[in-house]
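Enquirer: Chains G and V, in that order, give the protein sequences.
So the first sequence is numbered by the numbering used here: it starts at 1 and just counts up by one.
So the second sequence is numbered by the numbering used here: it starts at 1001 and just counts up by one.
No wet-lab data here; the hints were simulated from the structure.
Just so it is clear, CB atoms sit at the ideal spot from N, CA and C, and this is done for glycine as well.
Heads up, some of the hints might be wrong.
The calculated EDC-like cross-link candidates involving lysine to aspartate or glutamate, where the alpha carbons are at most 20 Å apart (straight line), are [unchecked claim]: (1) Lys1097(V) x Glu100(G); (2) Lys83(G) x Glu15(G); (3) Lys1097(V) x Glu72(G).
Using C-beta positions, here's what the derived DEER-type ranges look like [what the hints assert, rightly or not]: (4) Leu1051(V) x Asn53(G): 30 to 36 Å; (5) Lys1097(V) x Ser22(G): 20 to 26 Å; (6) Glu1058(V) x Ser73(G): 46 to 52 Å; (7) Glu100(G) x Ile1063(V): 16 to 22 Å; (8) Gly3(G) x Glu1058(V): 26 to 32 Å; (9) Gln1102(V) x Trp97(G): 25 to 31 Å; (10) Glu100(G) x Asp1011(V): 24 to 30 Å; (11) Thr5(G) x Glu1058(V): 40 to 46 Å; (12) Ser7(G) x Ile1039(V): 32 to 38 Å; (13) Leu1051(V) x Pro8(G): 24 to 30 Å.
Now the stretches of chain V that chain G is said to cover, found in silico as 3 or more residues with beta-carbon under 8 Å [claimed, not checked]: (14) 1041-1055; (15) 1084-1093; (16) 1096-1109.
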Amino acid sequence: DGGITQSPKYLFRKEGQNVTLSCEQNLNHDAMYWYRQDPGQGLRLIYYSQIVNDFQKGDIAEGYSVSREKKESFPLTVTSAQKNPTAFYLCASEDRWNTEAFFGQGTRLTVV
Amino acid sequence: DAKTTQPPSMDCAEGRAANLPCNHSTISGNEYVYWYRQIHSQGPQYIIHGLKNNETNEMASLIITEDRKSSTLILPHATLRDTAVYYCIVRGNQGGKLIFGQGTELSVKP
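Taking the hints into account, I'd like the entire structure generated from these sequences.
Expert: This is the structure:
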């Protein structure tokens, strides 16, 4: 079945450690996105990529990094520079005609 | 991409139609209106999109005014499972980033 997969579902890390969240899609989509969602809030765009080997900062990119070496993969690294990393992280992908974005089930990151 | 305005919350009785409004007065000629919804603690789900004609699918209907400055998402027979945050987004149909606003929190009540 085609889809978009995020792993892990829950992640715990100690403060000061970098952590990488995985996002994989087999929908042959060109565009991929990373969002952060805090309790009771909407989705805020961290980074997006419209093609392999290219990506752009979203509204809240500070403290995060990404790579897009393969079309199907768009990992997000939460670095120690991110002041409040505890949040729900969502990954999405869509085709080049913006027909319909598909979202993963999310990763809930807790930093203690 | 054009900005959208939605009411923060709405209630609807189970079995009745839910009509969710969205204002997008600065929409340009090549921008589409998209609707997504997010059920608690899940990823958003695409519902429908349109340019200027009314659209209908198995989930909902989208009514866009003739001047395209506003639209309404209609869930014809709302169920308790339709309780979610509904997002109206305006963007072009090729490329560009996908930005979510605050949306409307729809509560369907028995």
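Enquirer: Holds or violated: are the alpha carbons of Lys1097(V) and Glu100(G) at most 20 Å from each other?
Expert: 13 Å, holds
Enquirer: Mind checking the hinted window 46 to 52 Å against the Cβ distance between Glu1058(V) and Ser73(G)?
Expert: 32 Å, violated
Enquirer: State, for the Cβ atoms of Leu1051(V) and Pro8(G), whether the hinted interval 24 to 30 Å holds or is violated.
Expert: 39 Å, violated
Enquirer: Would you check chain G against the stretch 1084-1093 of chain V, counting CB to CB pairs closer than 8 Å, and say if three or more residues qualify?
Expert: With 5 residues closer than 8 Å to chain G, the stretch 1084-1093 of chain V meets the three-residue bar; holds.
Enquirer: With respect to the beta-carbon atoms only, verify the hint that Gln1102(V) and Trp97(G) lie 25 to 31 Å apart.
Expert: 27 Å, holds
Enquirer: Quick one: are Leu1051(V) and Asn53(G) within 30 to 36 Å, going by C-beta?
Expert: 32 Å, holds
Enquirer: Do the Cβ positions of Ser7(G) and Ile1039(V) conform to the proposed distance bound of 32 to 38 Å?
Expert: The hint (32 to 38 Å, Cβ to Cβ) is violated, given that Ser7(G) and Ile1039(V) are roughly 21 Å apart.
Enquirer: For Glu100(G) and Ile1063(V), compare the CB-CB distance with the range 16 to 22 Å and indicate the outcome.
Expert: 20 Å, holds
Enquirer: Next pair to validate is Lys83(G) with Glu15(G); report whether the Cα-Cα distance is within 20 Å.
Expert: 10 Å, holds
Enquirer: Can the suggested window of 40 to 46 Å be confirmed for the beta-carbon pair Thr5(G) and Glu1058(V)?
Expert: 25 Å, violated
Enquirer: Within 20 to 26 Å: is that where the Cβ-Cβ distance between Lys1097(V) and Ser22(G) falls?
Expert: 22 Å Cβ-Cβ, so the 20 to 26 Å window holds.
Enquirer: Given a hinted range of 26 to 32 Å, is it respected by the beta-carbon distance of Gly3(G) and Glu1058(V)?
Expert: Since Gly3(G) and Glu1058(V) have Cβ atoms about 20 Å apart, the given range 26 to 32 Å is violated.
Comparing the model with each earlier hint shows violations of hints 6, 8, 11, 12 and 13; every other hint is respected.
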